[in-house]
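Just so you know, the sequences run in chain order C and E.
Taking this note's numbering, I'd label the letters of the first sequence as residues 1 to 166.
Taking this note's numbering, I'd label the letters of the second sequence as residues 167 to 484.
No lab work stands behind these hints: they were computed from the structure.
Heads up, some of the hints might be wrong.
[To be verified] Subject to a maximum C-alpha distance of 25 Å in a straight line, what follows is the list of computed DSS-like cross-link-like pairs (lysine-lysine): (1) E/LYS330 x E/LYS410; (2) C/LYS12 x E/LYS410; (3) E/LYS389 x E/LYS400; (4) C/LYS77 x C/LYS12; (5) E/LYS410 x C/LYS97; (6) E/LYS311 x E/LYS410.
Source: prediction; values computed, not measured.
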Amino acid sequence: MPKPAASAGYTKIDIEGLHFLRWAQPRQLRPLSFKDSTGARVSLADFQGKVILLNVWATWCPPCREEMPALDRLNAKRQSADFAVVALSLDAPAPAKAFLMSIDARTLNAYTDAEGMALQVLDVSTVPSTILIDRRGRELGRVSGTAAWDSDAALALIDDALKEPI
Amino acid sequence: MSTSNPLFGARLLVTSPILPFTPCRNATQTLYATSHFRCASSPVHTILPMDLAAFLAGSLIAICGSFFKNAFKHERFKRPMSGKTEISRGSPAVFVRLACVVLLLACSALAMRAEAQPLLRSVVTTERARAELLAHAPEGVEPGKTLWVGLQLAHQPDWHTYWKNSGDSGLPTQFTWTLPPGVEAGEIAWPIPKKYPIGNLANYGYSGTVLLPVPLTVTPRFKPSLLGGDLEIKLKAQWLICRKECVPEEGEFALKIPARSSTALHTDVFNASFQAQPRPLASAGTVRIDGSTLKVSVPGLPARREARCLGSSRRRRR
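Chain C extracted, bound-state conformation (with noise of 0.2 Å):
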């Protein structure tokens, strides 16, 4: 499991207030499995050659909830064959997809983790947390609490990560 190193081992990233953490050397993730919004499962393996940014998140989490729109925004901005949000909501389906159709999330896939496998599989301990994945399946950085992701910053971040080579 990839441990926070010394502090010497990342960049913050300001995005607009909240400090995003850049790593130095991109980080390994273990294998990581949960559903898709027609309940197969998936693997953050499957999403290998796009660079993704994984979002954990809860109905009952108010903060998820509130930039929940925002990564909605982003991805309808850089979604394509390089790059894609994740929402990983640790609910049930159902209440995951009636609070995206809510908000009238247009771009985003209700994926669940019901068990709540995603916490440990990936070090979290606070909802929302977003980690940015590059091409490899590699951590390139995270960051816990509310973000504005379709902001100039978030998007420089996410543009920054695509021009990574493979």
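Go by the hints and put chain E onto chain C.
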């Protein structure tokens, strides 16, 4: 929103093997014990039955030792000189030895039992909150007497936990009690909550320090144990604590309430919580459908609450 939090259960599932090995036994024992949770030192009420049992066992060994010594002395030095029979000389020594063995066995059994029980902890401290199980039994523990227990949550600045109706999101704090036969726990007597707006959501809960009291009903079926005569209660509490992010936390608490003496150390805390309870209105309100209008009439509200649209306060805050 979902009404249950699968996360709590999931974390338990994942973490229970870690439990006995974490050095911080007072903190919420979750998978986070291995990652972000730091276990702060906290003033913990700790009763160590092990210590007591060890002390008793030690005392008994000492007493028995002296008995043995006397018994041997008696046999070795008196037998050749006295004309008494073996039986009359031997029997007190054998009796003493037997009694000692029985006592020692009983003692070690007691010690083992004490060791098997978890330590009694009434405080759990996390990075975000300090939670303490408090009791209020001014008249002791007897059928028909008022007895309250409650979890006091002291939140770090900016953090809050939730009311029974957590609002648009959030999760209510949940209690699971383990009580002796004849003692029943009631519902949480929730103090009036505060509103926590986040974006266009409104949530209800508590910050600062709050006590969530629960009445305990003691029925005649309750029999205090012969040793000590205490009422031992255990609580597993789960609370979601949020700021700009949310963390599901939990703690296990235990407390012994003396059955035959008054427990009133926290009277002020309990009274403050009782004062903060919602009060029933003098007369009931009415709800009726008038054509396409739903008419709600609630008499006897304070003046500042009257004639205000229910949705207006939220809209104003946006």
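These are the hints, each one checked on the structure:
For the proposed pair E/LYS330 and E/LYS410, the alpha carbon gap of about 21 Å is at most 25 Å, so the pair holds. In summary, the hint linking C/LYS12 to E/LYS410 is supported, as the alpha carbons are separated by about 18 Å, within the 25 Å threshold. Our distance criterion of 25 Å between C-alpha atoms is met by E/LYS389 and E/LYS400, whose separation comes to about 17 Å. The hinted pair formed by C/LYS77 and C/LYS12 meets the criterion: a straight-line CA distance of about 24 Å does not exceed 25 Å.
About 23 Å separates the Cα atoms of E/LYS410 and C/LYS97, which keeps this hinted pair within 25 Å; it holds. With a CA separation close to 44 Å, the supplied pair E/LYS311 and E/LYS410 exceeds the 25 Å bound.
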